[in-house]
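K.L.:
Sequence:
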Amino acid sequence: MTTASDPSYPAHWEADVVLRDGGTARIRPITTEDAGRLVSFYEQVSDESKYYRFFAPYPRLSDRDVRRFTHHDYVDRVGLAATIGGEFIGTVRFDRIGPDGRPASAPADEAEVAFLVQDAHQGRGVASALLEHIGAVARERGIRRFAAEVLPANTKMIKVFTDVGYQQKRSFEDGSVHLTLDLEPTAESLAVQRAREQRAEARSVQRLLAPGSVAVIGASRSGAGVGATALRNLRDGGFRGHLYAVNEARAPGLEGDLLEGVRAYRSLAEIGGPVDLAVIAVPADRVPDAVAACGEHGVQGLVVLSAGYGESGPAGLARQRELVRQVRSYGMRLIGPNAFGVVNTAPEVELNACLAPAPASARGPIGLFTQSGAIGIALLSALLRRGEGLSSFVSAGNRADVSGNDILQYWYEDEATDVALMYLETLGNPRKFTRLARRTAAVKPVVVALGGRHTPAGHVVPGTRLPEATVSELLRQAGVIRVDTVTELVDVGLLLAGQPLPAGPRVAILGNSESLGVLTYDACLTEGLRPLPPLDLTTAAGPADFRTALRAALASEDCDAVVVTAIPSVSDRRLADDLAQALREAVAEVPGKPVAVVHVELGDLVEALAAAAGDAPPAAPPPPAEVPAGADADGGAHGVEGAGRIPAYPAAERAVKAVAEAVRYARWRRDNAETGQVPEYEDIDEAGAAARLAALLTGVEEGAALTLDEADARGLLARYGIRVLPTLPAPGPDAAVRAARVLGYPVALKTTAPHLRHRADLGGVRLDLTNEAELRRSYEELTEALGKPAELQPVVQSMAPRGVDTVVRATVDPAAGAVLSFGLAGVPSELLGDTAHGLVPATDRDTAALIRSIRAAPLLFGWRGSDPVDTPALEELLLRLSRLLDDHPEVTGVSLEPVVVATGGLSVLSATVRVAHPPARTDLGPRTLPSY
Numbered sequence: 001m002t003t004a005s006d007p008s009y010p011a012h013w014e015a016d017v018v019l020r021d022g023g024t025a026r027i028r029p030i031t032t033e034d035a036g037r038l039v040s041f042y043e044q045v046s047d048e049s050k051y052y053r054f055f056a057p058y059p060r061l062s063d064r065d066v067r068r069f070t071h072h073d074y075v076d077r078v079g080l081a082a083t084i085g086g087e088f089i090g091t092v093r094f095d096r097i098g099p100d101g102r103p104a105s106a107p108a109d110e111a112e113v114a115f116l117v118q119d120a121h122q123g124r125g126v127a128s129a130l131l132e133h134i135g136a137v138a139r140e141r142g143i144r145r146f147a148a149e150v151l152p153a154n155t156k157m158i159k160v161f162t163d164v165g166y167q168q169k170r171s172f173e174d175g176s177v178h179l180t181l182d183l184e185p186t187a188e189s190l191a192v193q194r195a196r197e198q199r200a201e202a203r204s205v206q207r208l209l210a211p212g213s214v215a216v217i218g219a220s221r222s223g224a225g226v227g228a229t230a231l232r233n234l235r236d237g238g239f240r241g242h243l244y245a246v247n248e249a250r251a252p253g254l255e256g257d258l259l260e261g262v263r264a265y266r267s268l269a270e271i272g273g274p275v276d277l278a279v280i281a282v283p284a285d286r287v288p289d290a291v292a293a294c295g296e297h298g299v300q301g302l303v304v305l306s307a308g309y310g311e312s313g314p315a316g317l318a319r320q321r322e323l324v325r326q327v328r329s330y331g332m333r334l335i336g337p338n339a340f341g342v343v344n345t346a347p348e349v350e351l352n353a354c355l356a357p358a359p360a361s362a363r364g365p366i367g368l369f370t371q372s373g374a375i376g377i378a379l380l381s382a383l384l385r386r387g388e389g390l391s392s393f394v395s396a397g398n399r400a401d402v403s404g405n406d407i408l409q410y411w412y413e414d415e416a417t418d419v420a421l422m423y424l425e426t427l428g429n430p431r432k433f434t435r436l437a438r439r440t441a442a443v444k445p446v447v448v449a450l451g452g453r454h455t456p457a458g459h460v461v462p463g464t465r466l467p468e469a470t471v472s473e474l475l476r477q478a479g480v481i482r483v484d485t486v487t488e489l490v491d492v493g494l495l496l497a498g499q500p501l502p503a504g505p506r507v508a509i510l511g512n513s514e515s516l517g518v519l520t521y522d523a524c525l526t527e528g529l530r531p532l533p534p535l536d537l538t539t540a541a542g543p544a545d546f547r548t549a550l551r552a553a554l555a556s557e558d559c560d561a562v563v564v565t566a567i568p569s570v571s572d573r574r575l576a577d578d579l580a581q582a583l584r585e586a587v588a589e590v591p592g593k594p595v596a597v598v599h600v601e602l603g604d605l606v607e608a609l610a611a612a613a614g615d616a617p618p619a620a621p622p623p624p625a626e627v628p629a630g631a632d633a634d635g636g637a638h639g640v641e642g643a644g645r646i647p648a649y650p651a652a653e654r655a656v657k658a659v660a661e662a663v664r665y666a667r668w669r670r671d672n673a674e675t676g677q678v679p680e681y682e683d684i685d686e687a688g689a690a691a692r693l694a695a696l697l698t699g700v701e702e703g704a705a706l707t708l709d710e711a712d713a714r715g716l717l718a719r720y721g722i723r724v725l726p727t728l729p730a731p732g733p734d735a736a737v738r739a740a741r742v743l744g745y746p747v748a749l750k751t752t753a754p755h756l757r758h759r760a761d762l763g764g765v766r767l768d769l770t771n772e773a774e775l776r777r778s779y780e781e782l783t784e785a786l787g788k789p790a791e792l793q794p795v796v797q798s799m800a801p802r803g804v805d806t807v808v809r810a811t812v813d814p815a816a817g818a819v820l821s822f823g824l825a826g827v828p829s830e831l832l833g834d835t836a837h838g839l840v841p842a843t844d845r846d847t848a849a850l851i852r853s854i855r856a857a858p859l860l861f862g863w864r865g866s867d868p869v870d871t872p873a874l875e876e877l878l879l880r881l882s883r884l885l886d887d888h889p890e891v892t893g894v895s896l897e898p899v900v901v902a903t904g905g906l907s908v909l910s911a912t913v914r915v916a917h918p919p920a921r922t923d924l925g926p927r928t929l930p931s932y
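Numbering of the sequence shown is given in the working numbering, commencing with residue 1 and proceeding in unit increments.
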């Protein structure tokens, strides 16, 4: 008898999932305690669905059926249920079978699978989610194939199987469709899974941001407090749907408004119609009752403004975890707790469910996500003050459920959002974030400011052990524009929202101050841009002179962007308006290149440039040749109110920084227009490596790591075509001579003691020993200088061709996954930190970019007349190592040091490999929401 408290119960199979319509469900193993739930579930299934499941009329389950479907050994017989509110909405089970189709045990690797979904929940993606999870369970239990019998009329279930992306066979036998699915994940099945994930998570955010009705729970009649503030902002913001206030203190039977135009109710149950979104602003100890009421009423999502959760300490953290469990049990999603609120400026929604009033001019092309309410207020204020509006705003507080990843999924397909700005205190799941950000950045800019290097209190998401530099590198490779401050976040966002992307790094500078032009020129050089000599219009220049000069610069084929500098000659509001109009007219006449303005004490000019150019000529789309592949014709900046808007900055460095980030992003877009490939190598022995790893890990405890000895490490790497030069032990001079005879001269003599490993500077390596006499003399010098042979552990190794010494490593971070690292050996990587990083699996484009991204890369390509080394061989080594870690999650770390790259080929002189039992779930596993 197995229950949820039984030690054999596989708790790690439990998961919360987002369904196709944006609601959530919990998937868990079925236990013996579920008999009543199973019977109740079956009673709610239609006769037609029962017929499809059992191929015959089957009105009710017998006691024997109930026992069979609730008693599992979780090895050969497994059942999973999808639940909402604790009740079943769908079930799936598999039974292991042998070649004859009869029940069997391991090593039989095939199982028969069957589903049943309640009619009211069909079409929500329940069966697809259950198939992903039961497939992962089956693979964990050694099952490689599913067999299913489906009636031809059951087209919905046939589609579930055929759309999953697994390799499959299909036949028609005895009046039914026989399907066989190979459960090994494929590129197609992974693509299907991620596409479903994107649609479901985007839909779940859309339900939060575009509700048809909103109830504010906890709004006081006095008008004080966060509940009343949120209600007032919803009302004054012009919310297009139905708005309700819930106040338990309202006198029974009292008819009237809590605030003007908003009717108050004592409970959600009194509201006659549906409520899509609830904003909860009651004390933390009353939140569970409010959540339960929302769940019973069918509310789709919650914004919890209430504090007193993870940010308040361990007790609050426990309260927060219970809140997430309760919310998800009803199929809802949650923004918060301790949230600042959400905004959606779409004209058909006009939702301002946050604590800051939004002005009527707040609509624009920028999507904004923050964790901090205070930072959210600052960013909103800065954007609106400089004339830019928002498409949507989410301040998630403790982000216990909905996170930046969910918002990215929504923004990816949101036509109203052209630029995504994110202030994050942690990345949460860096692997998923970089995957989503890369896809989003391919169609619109993603700008991120990271506010902390460690997980702050209240944000109970998994942190990462990756160094800050590594995180920045991974974000850069994903196309994310990483900035250091919220000021830079606004600066870069304004340029990207209002201007097209530059085609290159050439920058024209013009203005009425020679000194300011020189400062701008210097800033461009600092940012790696290619500035043209500044054009000084002199302080006598008027608006017409600026217009003529800007039009000429934009028309020139010698520049890709323009920075205009302006200092005041006369403090005149009309002059500022005229100058702004002149600049807008020039941009409209010669569109296609970004323009930024640097001003000194010209506040009126900032306002004039930020204003919508209602009477300026409309800007034509830039030429297609200047737009990166996949970009919109206007570089991702549009919006009626934003037409003609030119960003202005009070310092040259800030304007140039924004231009430089746009240049780098546009280059990334061009470089990633074509995706790289993961080459297939015929000499890779994946099956042999898997068998060897299984043998090596026999007897190793779960959670423990094993460092392979030299022979095992060399053997494992050889199965992936990575050859490590052999070494032979030399415990004495005679042994060293015998080893050299085996390997052949010339040889190297080196120590392998941990404190001397890779320390040629200490004299622990002697190279190019061409005969026995040199070898014996070197051995004597080595032991006299550094210690006895037993301490030094000397070895003899064949000499590698001369070249550049490099270091290639791969490590596995619990949150980010496998990461490749590359650098030059010694000072560049160890002292200066000149190391590049990339995620696994790596493509040919990734590895080529990786080795070229370090500062010392010129040493590989013929610096100062030296011969270029064989970088294609180095790229192949990185690709093979990437394949090893991607194919075998048991490999948790590899260090190849040094790797000597010569003009023809390379030599791996030393290798360290660590292995461990893989986690139960990997990034290839089924879709799940984070559990806290």
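Careful, some of the hints might be misleading.
Unchecked claim - Restricting the straight-line Cα-Cα distance to at most 30 angstroms, the calculated cross-link-like pairs of lysine-lysine (DSSO-like) are:
1) Lys159 <-> Lys169
2) Lys159 <-> Lys432
3) Lys156 <-> Lys50
4) Lys50 <-> Lys159
5) Lys169 <-> Lys156
6) Lys50 <-> Lys169
What the hints assert, rightly or not - Pairwise CB distance ranges (calculated):
7) Glu270 <-> Lys169: 48 to 58 angstroms
8) Asp484 <-> Arg144: 34 to 44 angstroms
9) Glu14 <-> Lys788: 13 to 23 angstroms
10) His755 <-> Lys169: 36 to 46 angstroms
11) Pro467 <-> Arg266: 30 to 40 angstroms
12) Lys169 <-> Asp484: 33 to 43 angstroms
13) Gly905 <-> Arg864: 19 to 29 angstroms
14) Arg170 <-> Pro726: 19 to 29 angstroms
15) Gln793 <-> Arg864: 51 to 61 angstroms
16) Phe55 <-> Asp671: 37 to 47 angstroms
In case anyone wonders, no lab produced these hints; they're calculated from the structure. The beta-carbon is built from N, C-alpha and C at its ideal position, and this holds for glycine as well.
K.L.:
Each hint: holds or not?
P.N.:
So, going through the hints one by one against the coordinates:
1. Lys159 <-> Lys169: 14 angstroms, holds
2. Lys159 <-> Lys432: At roughly 28 angstroms apart (the allowed maximum being 30 angstroms), lysine 432 and lysine 159 satisfy the hint.
3. Lys156 <-> Lys50: 14 angstroms, holds
4. Lys50 <-> Lys159: 18 angstroms, holds
5. Lys169 <-> Lys156: 18 angstroms, holds
6. Lys50 <-> Lys169: 25 angstroms, holds
7. Glu270 <-> Lys169: 48 to 58 angstroms: 57 angstroms, holds
8. Asp484 <-> Arg144: 34 to 44 angstroms: Taking Cβ atoms as reference, aspartate 484 and arginine 144 lie about 49 angstroms apart, which means the hint is violated.
9. Glu14 <-> Lys788: 13 to 23 angstroms: 57 angstroms, violated
10. His755 <-> Lys169: 36 to 46 angstroms: At roughly 59 angstroms between Cβ atoms, lysine 169 and histidine 755 fall outside 36 to 46 angstroms, so the hint is violated.
11. Pro467 <-> Arg266: 30 to 40 angstroms: 55 angstroms, violated
12. Lys169 <-> Asp484: 33 to 43 angstroms: At roughly 55 angstroms between Cβ atoms, aspartate 484 and lysine 169 fall outside 33 to 43 angstroms, so the hint is violated.
13. Gly905 <-> Arg864: 19 to 29 angstroms: 23 angstroms, holds
14. Arg170 <-> Pro726: 19 to 29 angstroms: 51 angstroms, violated
15. Gln793 <-> Arg864: 51 to 61 angstroms: 38 angstroms, violated
16. Phe55 <-> Asp671: 37 to 47 angstroms: 55 angstroms, violated
In terms of the numbered hints stated before, the structure departs from hints 8, 9, 10, 11, 12, 14, 15 and 16, listed from lowest to highest.
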